[in-house]
Amino acid sequence: MIVDMARVQIWGLKDHLPDLIALLHEEGCIQIDDVGNIPDAVIQPFSLSQEMREEQEEVDLLIANINGLIEMFKGLTKERFKNHAIEPIDLFEIKDKVDDVTSKIQYLNNRKKALQDELISFSKYLEMLKIIAPVCPETSKDSGNATIRALVHSSQTRTMNLLAQQLKLLTHGKFEMVNVKVGGETNAVIGIFPLELVSQVETFMRNEKVTQLLLPEEYAYLSTDEALDNLNRKIALNHDELRDIDARLERIAAEWLPQLGVWQLVCKDKVDEFAVYEKVGETDYTFSIFGWLPEHDLNSFGDIIEQNFGEAVSVTEIEVPKKIRASIPVEIKNPKAVKPYENFVKMRATPDYGDVDPSMLVAIFMPIFFGMMAGDVGYGIVMLAIALLLGKKVKSGMVADILKFLRLGAIWTIVFGVLFGEYFGTLGEKLGILPLWMNRSEPENIFPLLIMAISVGVGHIIVGLLIGIWNAFIHKARNHMLERLGMFIGLVGLIFLAGSLTKYLPGGFIMAGWVVLAVGLIVLGISLGTTGIFLGPIEFVGLIGSILSYLRIAALGLASVFLAKVANDLGGMVGSAVIGVLIAVLIHALNIMMGILSPTIQSLRLQYVEFFRRFFEGGHSPFTPFHKRIHFEKKVH
Amino acid sequence: METAIMALAACISIVGTALATSMAQRAIGSAGVGALAEKPELVGSIIILVALPETLVILGFAVAAIILMG
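Protein chains in written order, with our numbering: chain A, 2 to 638; chain B, 9 to 78.
Isolated chain A, as found in the complex (with noise of 0.2 Å):
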């Protein structure tokens, strides 16, 4: 049900302004308004002094800081936060804990994103040392020789015979060349001299502009096979280094990020607070907050400010405006086992405030209308299991709230399998087991079935209208009261003509079914104005269309009733029996599966399309109480 609102004034002296948004903050049983938006207050916004700013400021790019990590820190750990009264913390220590935290990880990342850089370049040395090293003649090995390498193009060899012979004679005769084919058009091009000679060389090399291949310095005049070996030994040590990298930043994303989850939250709850206090209105010594809060709040609210603060706030409940009346937050309380049906509602709108609150009725009629399509005793105990194995798994959340409904509608589903004798489909029936009811495979049932759906329709329809008339009635709306008194005036007179027509009513009922149904119709006509005598009729019609899309109710329940029935003929038809039990098996899982998801879908719908269109308008704001986020442990003395 919709829980009753009052609309509140809190006004006291400015200087008591932070303990009470912190107080309301706590209590959290308030929704505060803008008072820029308020039409009826005269007062000005409160503007945040500088200091306030500089913290809003340094907050707004904490969160930042904070979401960064956590964001990198999920794709480390599986440790998550949850959310628990925790010890007070300022803000000072999180940003703290915050840098040390961020200047650690970007230590880490840093010396790790060098690793791999020097990995990168590693590899490709490596690749050309090991072209290298198989043609590299065994004077390079020598500890006193240098080598120079490069690769060089065929059609430069000729340049490099003549750059040898120029070396030679630089070094007297102490260089030795190998120019070896490595590859298609590759020539690799090997020097080796006295360690003494390298400037010459070097300085011969880049003068007459020669590429070599330049190694890191510690392996530049190294022979290719010592160059190798080290080269190998330095990746094998960057990817131990990398290793214990990952391995700390693991233990460090595990150790802070259920704390930085905790820090998040107690940031956010600053940011609200500075958010409340560009709602509130000032004067030079006072402040005024305006606000909502359940009506039966209001008492207990009023001594817990008068304990906190004496006489220096008071709060008052003030009327609410005509203008504003369509602002009025709703909340809606209902039974524990009435809410996931509540969030079904809300997921289509919030109610209007004042309205009636569908979430019971959709609570009744919801697993009724699955029962009455699945229908089958053997699918429900398998649904029922289904739903309380994975609902104790699943504890928040949409699907919990599908669970929940596929609890009920598991035991609608066996109830009425009981009524059309259906044990996974027709095995009841090949075991001697009669329908309480009807049998939905029997051809000279389909009507009778047909006839259901439809008064099904009719009755969940005239529900809705009722419950329309009265949302109407209550918000003084005269076209729509006509409306849907018109609706209900003719459908009343079509039940009339459809019982006496079919014999369940008397002949007397054929006149008075036109006279009523006519009656409806004027009215109906009346409250769309002038085109009425058009669209009435047509309106009249579109509600006919939607009692025969109760048709669903039947047409579903055939569907799975005969897939049931093929799953029993084929198992049974095949010679041997555990395959023909496997096929059966095989048919009715698929059928279940089937049975779960679509009358979920199409009772859904029903409720939405076709009952919700008769009353609910929706689109209120919901209440949204300005509360913690997270609280701080309270401090037992």
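Derived from the structure by calculation, the hints contain no laboratory data.
Just so you know, not all the hints are guaranteed correct.
Between beta-carbon pairs, the in silico distance windows are [claimed, not checked]:
| no. | chain 1 | residue 1 | chain 2 | residue 2 | range |
| --- | --- | --- | --- | --- | --- |
| 1 | B | Ala17 | A | Ile602 | 21 to 31 Å |
| 2 | B | Ala17 | A | Ile539 | 26 to 36 Å |
| 3 | A | Met439 | B | Ala15 | 15 to 25 Å |
| 4 | A | Pro40 | B | Leu44 | 28 to 38 Å |
| 5 | B | Glu46 | A | Pro217 | 45 to 55 Å |
| 6 | B | Leu44 | A | Leu435 | 41 to 51 Å |
| 7 | B | Met31 | A | Lys114 | 47 to 57 Å |
| 8 | B | Cys19 | A | Leu432 | 29 to 39 Å |
| 9 | A | Asp16 | B | Glu46 | 39 to 49 Å |
Cβ atoms here follow ideal geometry from the backbone N, Cα and C, with glycine treated the same way.
Assemble the complex: chain A is given as a structure, and chain B must be docked to it using the hints.
Only chain B this time, still in chain A's reference frame:
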């Protein structure tokens, strides 16, 4: 012969309306998924929009049932 024609008529009634429903749902469904990606709170309205054309096939079913029960 008469039974065969009745069965064919019922079949056309179901197939025609089922095709019409599926064509409408294809367009609404793809647009709906796009809208949901941007505004998940529209889920209720999208379910309604996707479910609306199903009335067609239900009416087709009703017509088929009337034909068969002749």
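Against the structure, the hints:
1. Against the hinted window of 21 to 31 Å, the Cβ-Cβ separation of Ala17 of chain B and Ile602 of chain A comes to about 29 Å, which satisfies the hint.
2. A C-beta distance of roughly 28 Å is found between Ala17 of chain B and Ile539 of chain A, which places it inside the suggested range of 26 to 36 Å.
3. Checked against the hint of 15 to 25 Å, the pair Met439 of chain A and Ala15 of chain B passes, with Cβ atoms roughly 24 Å apart.
4. For Pro40 of chain A and Leu44 of chain B, the hinted distance range of 28 to 38 Å is satisfied, since their beta carbons lie about 35 Å from each other.
5. For the hinted restraint 45 to 55 Å between Glu46 of chain B and Pro217 of chain A, the CB-CB distance of approximately 52 Å keeps it satisfied.
6. About 47 Å separates the C-beta atoms of Leu44 of chain B and Leu435 of chain A, a value consistent with the hinted range of 41 to 51 Å.
7. The beta-carbon spacing between Met31 of chain B and Lys114 of chain A, approximately 53 Å, falls within the hinted interval of 47 to 57 Å.
8. Take Cys19 of chain B and Leu432 of chain A: their Cβ atoms lie about 34 Å apart, and the range 29 to 39 Å holds.
9. For Asp16 of chain A paired with Glu46 of chain B, a C-beta distance near 45 Å keeps the hint of 39 to 49 Å intact.
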